[in-house]
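Number of protein chains: 2
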Amino acid sequence: MVTMRDVAQRAGVSIATVSFVLNDTKPVTAATRRRIEQAMSELGFRRNVVARALASRRTHIIAMAYPALDHKFGFTAAEFFTSAADAARKQDYHLVLWPVGNDGTELTELVGQGLVDGVVLMEVQLDDPRVGILQETGTPFALIGRTTELAGLDHVDIDFDTTVEEAVGYLHGLGHRRLALISGNLKDPVFRTYGPYVRSEAAYRRVAAEYGLETVVLESGGSTRAGQEAAAQLIREHPETTAVLVVNEFAALGVLSGLTRLGHNVPADISVLPLLMSPETAAMSDPELTIMRTPGPELGQLGTEALIRQLEGATPLPPQLIPATLHPAGSTAPPRSPGDR
Amino acid sequence: MVTMRDVAQRAGVSIATVSFVLNDTKPVTAATRRRIEQAMSELGFRRNVVARALASRRTHIIAMAYPALDHKFGFTAAEFFTSAADAARKQDYHLVLWPVGNDGTELTELVGQGLVDGVVLMEVQLDDPRVGILQETGTPFALIGRTTELAGLDHVDIDFDTTVEEAVGYLHGLGHRRLALISGNLKDPVFRTYGPYVRSEAAYRRVAAEYGLETVVLESGGSTRAGQEAAAQLIREHPETTAVLVVNEFAALGVLSGLTRLGHNVPADISVLPLLMSPETAAMSDPELTIMRTPGPELGQLGTEALIRQLEGATPLPPQLIPATLHPAGSTAPPRSPGDR
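Chains B and E, in that order, give the protein sequences.
Under the UniProt record's numbering, the residue at position 219 of the first sequence is numbered 219, and the numbers go up by one with no gaps.
Under the UniProt record's numbering, the residue at position 144 of the second sequence is numbered 144, and the numbers go up by one with no gaps.
Extracted from the complex, chain B is given alone in its bound form (with noise of 0.2 Å):
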């Protein structure tokens, strides 16, 4: 059977191009389409009609590619579907979650079948292999977050630079010299070049520089068990420090909480800051905790907007990095020797 691919090929163009061509979704000059079809009745390329109809056919449906069974779902990641969720609503668009992996196998076999108008991505990597998927096939979509080659890519991401300034510089005013960041296990290959990772880490070695302190770093797996197992290895290995960022929220909890059950108070002994964590989680937490408030609500409405602009042929939304804010609360005081070095 012929396929795009071998029609491609023969036209010397891209296989996006004749996909252009045969669902009429842009504008193709004259001189490239004559060249496409051309090759298409040499080679006897003829689409199936009701691939044809399925593929041309608008569903209103946009699906939130979230990787569910590697990165755990909680409080977090609901307020970025929830609120993309209602976004699409009010656009007369559905939007479903659909829990698919982050290599790209499952996506293949579900774009394939016209169900979704685009696809909105979650827990980006940085060489993510769902980029070239969806750009194969010719599927429109927008990325929660950033990978290294961005050029032309919709996209909208956290501040991973302003939050880490903020949150460093809170510390700081407080008198903590002191810090140490637990980010995230970059030797599981599911997370190796997962974007919230490096970015934060990449972000507190430059700021904590800039600042004349010394960076620690720990790394944890994204659970409260884990978070449990990073604060005893702090305070085995680095009893000296006051104050902690964590990344991931439920390691967070796990920090709090490990550091409460070993006997050192937070914050009286040292403070807890996660970077990224909702108000439901902290309110869970006693003290509550502290937070660098997650923009989910802001990044679930801008990542939607910015595919059904795409969908609707409207202005792209411009690249969007949105900062996570500092709501104090119960897990960060200033240290019992204030400014001790």
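Wrong hints could be hidden among the right ones.
Heads up, the list lumps identical chains together, so a pair's fine if it works in one copy or across two of them.
Straight-line alpha carbon distances no greater than 25 Å define the calculated DMTMM-like cross-link-like pairs of lysine to aspartate or glutamate that follow [what the hints assert, rightly or not]: (1) 90 to 109; (2) 187 to 70; (3) 72 to 288; (4) 90 to 37; (5) 26 to 312; (6) 90 to 188; (7) 26 to 214; (8) 72 to 188; (9) 72 to 92; (10) 90 to 219; (11) 90 to 106; (12) 72 to 298; (13) 72 to 6; (14) 187 to 280; (15) 72 to 86; (16) 187 to 159; (17) 90 to 70; (18) 72 to 42.
These are computed hints drawn from the structure, not numbers from a lab.
Fit chain E to the supplied structure of chain B, relying on the hints for placement.
Relative to the frame of chain B, chain E by itself:
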């Protein structure tokens, strides 16, 4: 335009039988088939080729309908969803999450498109309008939950009777005689006939009566904040209470932190036992909560299994009720004066 209904009337058969012939989904006797084909020809009935292809094709996608804008999506819901997604994947299906409202309006729009082979319904109400919609549109479905009328419906659910019996029996065995139940807010139209609230309360009233205990029932919204308010109300109106059962997991977290903030030690002054919670949520609190563990992983798997058996024409899964199971931890203990009445 001639419809399937016209054909059914002319042939003197049900619309379903016309559909079986058109889509070749179930065997129909040769005589009936002939009668239907004749009616089609006399009436000039011609199904659009694309519509037919759409209606008959199998997408191998199933949807879990979860009203995420009304029912908070936390760890417990995530357990249902991820175990369902996993079960689907193992049988070569994809599961997506549809955050559609409980009233059925959006569901109607979605099932008409032939995008999914079937639907798993979550957060079922006693008089759930979604059931009628799925029946009318001929969409295969299974319930995780129970409506009042269940005849012929594939369903699995929590065994609330056994769950409450075990919970009350455990607290009674510790010496508690002054129990209270914090249930959901049945005045809120969204939760008025929400199965877990209605069934937990009914079971509690029955079991408490069997033990000869006074019944105290308070209502709470499903949030940490609402749980904190319910805790304050409990202390104000029923200060003699030594143990409290809470249905909603977010309210339960609020009851725990609310009691603590009001100066009541859990479990020394009062025991707290959530009736439906995931271990993940329980581990977040300090002290770690003793819980009745929601059988989310089991029910997500079984609900999906029930639907897929239907889709594959296999033997139906018999209805199953699974109780939550007691996981003792730090929020329950004997009362200060055992047997205090």
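Here's how the hints hold up against the structure:
no., hint, in the structure
1, 90 to 109, "between (29 Å within a copy, 15 Å between copies)"
2, 187 to 70, "within (14 Å within a copy, 38 Å between copies)"
3, 72 to 288, "both (22 Å within a copy, 20 Å between copies)"
4, 90 to 37, "neither (39 Å within a copy, 42 Å between copies)"
5, 26 to 312, "within (12 Å within a copy, 40 Å between copies)"
6, 90 to 188, "between (39 Å within a copy, 24 Å between copies)"
7, 26 to 214, "neither (53 Å within a copy, 71 Å between copies)"
8, 72 to 188, "within (15 Å within a copy, 30 Å between copies)"
9, 72 to 92, "between (29 Å within a copy, 23 Å between copies)"
10, 90 to 219, "neither (40 Å within a copy, 32 Å between copies)"
11, 90 to 106, "between (29 Å within a copy, 13 Å between copies)"
12, 72 to 298, "both (20 Å within a copy, 18 Å between copies)"
13, 72 to 6, "neither (41 Å within a copy, 49 Å between copies)"
14, 187 to 280, "between (30 Å within a copy, 24 Å between copies)"
15, 72 to 86, "both (22 Å within a copy, 14 Å between copies)"
16, 187 to 159, "within (24 Å within a copy, 42 Å between copies)"
17, 90 to 70, "between (30 Å within a copy, 16 Å between copies)"
18, 72 to 42, "neither (51 Å within a copy, 57 Å between copies)"
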